[in-house]
Amino acid sequence: MSRVRAALITASPLLLAAVLPLPALAATSTQLDFTVLRNGSEVGHDLIHVARDGEQTHVDIDTHVVVTMAMIPVYRFEHHAHEEWRGQQLVKLDSQTNDDGKKHTLHVSAAAGGLTVDGDGQQSTAPADIVTASLWNPRLTSQHTLLNTLEGTQMPVTVHDAGLEPVEVHGAARNAHHYVLSGGLQRDLWYDASGQLVQVRFKAKDDSEIVYALR
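Going letter by letter, the sequence shown gives residues -26 to -1, 1 to 189 in mature numbering (1 follows the signal peptide of the UniProt record, and there is no 0).
Don't read these hints as lab results, they were simulated from the structure. Be a bit skeptical, because a hint or two may be false.
Here are the simulated lysine to any residue pairs, SDA-like style, with alpha carbons at most 20 Å apart [what the hints assert, rightly or not]: (1) 177 - 19; (2) 179 - 161; (3) 177 - 161; (4) 76 - 18; (5) 66 - 129; (6) 179 - 124; (7) 76 - 96; (8) 177 - 16; (9) 77 - 53; (10) 76 - 93; (11) 177 - 122; (12) 179 - 37; (13) 177 - 13; (14) 179 - 160; (15) 77 - 38; (16) 66 - 34; (17) 77 - 122.
Please model the complete structure; the sequences and the hints are all you need to start from.
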């Protein structure tokens, strides 16, 4: 066999590898169903659906909360949001919120050099790499500013790493990383080893304790 022919035979698999397209990443879908508790009593639910397909990520969030006293509703909260991401960057966000009668509408879209934000009719801009405050994305634990998904304002935050703690998930203990957010958004968040949000805790305006517990 000539040296030229041998070289071609040896190189052909490498040439094919360079020409053939890489296999696409498999599409995945995750649904997080949280029970919303107020001082230990169930008052609603928060459903987060995350669908990933290659570089594209679509997130749908539906939150329904009703607080009653003597069986009479005294507070209602409804929030519906759709986020679209390309890689690590937000490219679109639409949300509608009814916070006990106070309504908010938000539309965010990608533009040259950043994001255009229309929150309740007020126009503004945001950095292209900003992370939303919808909590599902563990990248928010490394941020100093988050995008409010109700009104579109930018919230300065400080994040404290509180270490690993056991959290009850689906009736079983699971180790999760605890982060404490303060500043423009005050939340205690727990993410498991895969980066999945498994618990949220915060104080409401009336000083009651709100917990989002994963079903």
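We went through each hint and held it up to the structure:
1. Taking the CA atoms of residue 177 and residue 19, the gap is near 17 Å; set against the 20 Å cutoff, the hint holds.
2. In summary, the hint linking residue 179 to residue 161 is supported, as the alpha carbons are separated by about 13 Å, within the 20 Å threshold.
3. Simply put, residue 177 and residue 161 have alpha-carbon atoms about 8 Å apart, close enough for the 20 Å limit, and the pair holds.
4. With a C-alpha separation of about 19 Å, the suggested pair residue 76 and residue 18 falls inside the 20 Å cut-off, and the hint holds.
5. For the given pair, residue 66 sits about 19 Å from residue 129 by alpha-carbon distance, which is consistent with the 20 Å threshold.
6. Between the alpha carbons of residue 179 and residue 124 the distance comes to roughly 16 Å, so the proposed pair stays at or under 20 Å and holds.
7. For the hint pairing residue 76 with residue 96, the CA-to-CA distance comes to about 16 Å; that is within 20 Å, so the pair holds.
8. For the given pair, residue 177 sits about 15 Å from residue 16 by alpha-carbon distance, which is consistent with the 20 Å threshold.
9. Distance restraint check for residue 77 and residue 53: the Cα-Cα separation of roughly 10 Å lies within the 20 Å cut-off, and the hinted pair is therefore satisfied.
10. For the suggested pair residue 76 and residue 93, the alpha carbons sit about 13 Å apart, so the restraint of at most 20 Å is met.
11. Restraint check: the Cα-Cα separation between residue 177 and residue 122 comes to about 17 Å, which is no more than 20 Å; the hinted pair holds.
12. Our distance criterion of 20 Å between C-alpha atoms is met by residue 179 and residue 37, whose separation comes to about 18 Å.
13. A threshold of 20 Å between alpha carbons decides the hint, and for residue 177 with residue 13 the separation of about 10 Å falls inside it, so the pair holds.
14. Between residue 179 and residue 160 the CA atoms are separated by roughly 12 Å; this keeps the pair inside 20 Å, and the hint holds.
15. Taken as a hint, the residue 77 and residue 38 pair is honoured in the structure, with Cα atoms around 14 Å apart against an allowance of 20 Å.
16. With a C-alpha separation of about 12 Å, the suggested pair residue 66 and residue 34 falls inside the 20 Å cut-off, and the hint holds.
17. For the suggested pair residue 77 and residue 122, the alpha carbons sit about 14 Å apart, so the restraint of at most 20 Å is met.
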